Amino acid sequence: MTETLMNRINELISHYPEDKKKSALLPVLHEVQDAHDNWLSIELMDKVADILGILPIEVYEVATFYTMFNLKPIGKYMFEFCQTSCCCLRGTEDLMDYTCEKLGVGIGETTPDGLFEVRGVECLGACGYAPMMQLGDFYKEHLTREKIDQLIADCRDNKIILHDK
Amino acid sequence: MSQKILLDKINVPGIKTYEVYRREGGYTSVEKALKSMTPDDVVEEVKKSGLRGRGGAGFPAGMKWSFIDKKSGKPRHLVCNADESEPGTFKDRYLMEFIPHLLIEGMITSSFALGANRSYIYIRGEYMWVFKILERAIAEAKAAGWLGKNILGTGYDLELHVHCGAGAYICGEETALIESLEGKRGNPRIKPPFPAVSGLWANPTVVNNVETIAAVPWIVNNSGDDYAKIGIGRSTGTKLISASGNVKNPGVYEIELGLSVDEFMNSDEYLGGMSTNRPLKALVPGGSSVPILPADLIFKTANGEDRLMTYESLSDGGFATGSMLGSGGFIVYDDTACIVRNTWNFSRFYHHESCGQCTPCREGTGWLEKVLWRIENGLGREEDIDLLWSIQSKIEGNTICPLGDAASWPVAAAIRHFREEFEYHVRFPERIKNRDHFVAEPFEKVRHLVAKQTV
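So the sequence lines, in the order shown, correspond to chains A and B. For the first sequence, position 152 matches number 351 in the numbering used here, and the numbering has no gaps at all. For the second sequence, position 52 matches number 465 in the numbering used here, and the numbering has no gaps at all.
Hints are computed from structural coordinates only; laboratory data are not their basis. It is possible that part of the hints are untrue.
[To be verified] Chain B is faced by these chain A residues, among others (derived, beta-carbon under 8 angstroms):
#1 Leu288
#2 Glu340
#3 His341
#4 Cys354
#5 Asp363
Bear in mind the structure is a predicted one, so any value in this text is a computation, not a measurement. Note that the Cβ used here is the ideal one computed from N, Cα and C, for glycine as well.
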């Protein structure tokens with residue numbers, strides 16, 4: 200836990216009454232995950248429990264409930280395609296197939312270099328801008344094969360910003 | 414051109430920033446409410462406006478506010494529900510991303526009306542960049558003196574923060590949202606007690622949708638009566654509609670309630686018709702949970718009247734021939750869309766999002782998904798259609814929160830209006846195994862194969 204991260208965590212905790220520190224759990228887990236290769240180890244979760252003054256189990260039960268928390272290492276660039284109906288009407292499924300083929304992975308798999316992972320997720324609330332995906336904190340919308348090619352190239356060239364800090 | 418209340422200033426350059434928003438007349442409702450009105454006056458105006466909850470249920474907002482427990486003397490809270498996750502719905506995000514101060518202004522005015530001194534905006538975790546936009550906007554508002562202690566010298570204090578979820582549709586249900594805000598799993602609570610009595614940290618709490626709160630500044634600045642003049646009957650004011658699917662101009666639109674579905678769908682001011690030159694097949698007018706309508710029930714109700722964009726007209730005929738305005742997630746299907754595949758997709762969504770507390774929903778949604786998957790993949794059995802009907806009827810009404818109902822309705826409506834398509838899947842598995850089958854062969858061309866023989 201770096202000093203910057205701890206400052207941010209303390210700021211988030213200050214948003215809730217003093218005896219309700221547990222309320223900060225979700226925002227704090229997001230920050231901790233973002234700062235640690237986008238996944239939460241048991242050690243990190245225990246540390247969060249310690250900071251918030253709650254039991255480790257209270258952190259585990261939350262981290263396992265919400266889909267945005269990753270409990271094992273994942274690809275650095277996770278392409279999370281929205282695969283709910285409205286996006287499918289605009290061709291998400293074909294685009295996912297294309298991306299998987301291009302990267303040589305199946306859905307839910309990480310490339311051997313640890314750079315990419317493709318996932319199908321449920322409605323991201325961008326139905327009118329479909330097909331789309333989430334990459335880090337941001338949405339990539341109105342996707343086409345060309346845009347996927349460009350994104351992959353940009354990721355390889357380290358041109359993609361994942362988090363807005 | 415219909416009147417715009419929420420998106421009136423959306424195209425003003427720089428409206429995202431505090432300076433421009435303020436210059437354009439922003440935060441006047443806070444001044445007016447805090448300096449010249451009592452909290453009860455504000456509640457009264459909102460009651461008069463007829464404003465209904467814009468999250469989907471359509472419950473009158475003023476009435477909801479009047480339920481908040483003031484007698485207990487406990488601190489009160491206003492929580493804004495920005496956990497927009499209903500498939501087809503992306504209106505709140507648009508509002509928060511492009512005019513964040515409107516929501517903050519609404520939060521201050523509404524918190525004042527409720528006597529809340531600590532309020533939160535609960536935003537879904539995927540909207541992380543919007544979370545940051547709101548955080549910065551709140552800091553701007555605070556620096557300008559609209560938040561904190563003794564606002565405008567009136568003695569009213571308000572702390573406002575934004576809180577993020579982490580990917581759970583169920584947290585859009587108000588008691589699950591409160592649980593999540595307390596740092597727990599998003600399991601809905603048994604009601605009563607209602608949040609108005611025991612909500613966040615067991616304090617009296619009101620949970621309102623983003624769009625509902627964003628309408629409050631206009632109502633306070635003008636009047637409840639002026640707001641009620643817009644719209645038809647009990648559907649007052651304007652509504653944001655987010656349109657997606659096979660339409661020419663998908664996106665977010667503000668309409669006056671009472672506009673006809675035909676005009677919304679086909680005029681160039683709105684959706685501009687279909688994106689392809691293919692015929693319209695079906696419409697989900699209010700987010701994935703509401704019943705799907707077949708082409709012949711979209712523009713006209715069952716008794717031949719024009720179908721209007723109002724709570725009443727869209728639900729005309731009940732679920733037999735109507736649907737719901739819901740959250741305003743307007744999903745349009747052309748004839749290449751497969752209703753079975755769409756229903757399976759929605760069922761997968763509800764199965765994934767069920768919190769697992771109630772058996773009918775936890776088990777039933779998975780069962781629906783499985784049966785629909787096998788029908789869609791050519792493995793269906795003749796009795797599966799009745800099985801689906803039976804499962805959905807046993808989930809509906811038997812769960813703590815409405816997610817069970819929301820999972821049942823789309824299945825029931827799809828079978829009610831498109832039963833022949835399900836039969837076609839079961840009886841001609843070889844023909845439907847190709848994923849693109851409806852692109853090559855719209856259902857209308859094969860309907861005769863399953864049509865009832867008349868002697």
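Verification of the supplied hints:
no., hint, result
1, Leu288, "holds, 5 angstroms"
2, Glu340, "violated, 10 angstroms"
3, His341, "violated, 10 angstroms"
4, Cys354, "violated, 18 angstroms"
5, Asp363, "holds, 5 angstroms"
Checked against the numbered hints given earlier, the structure breaks hints 2, 3 and 4 and satisfies all the rest.
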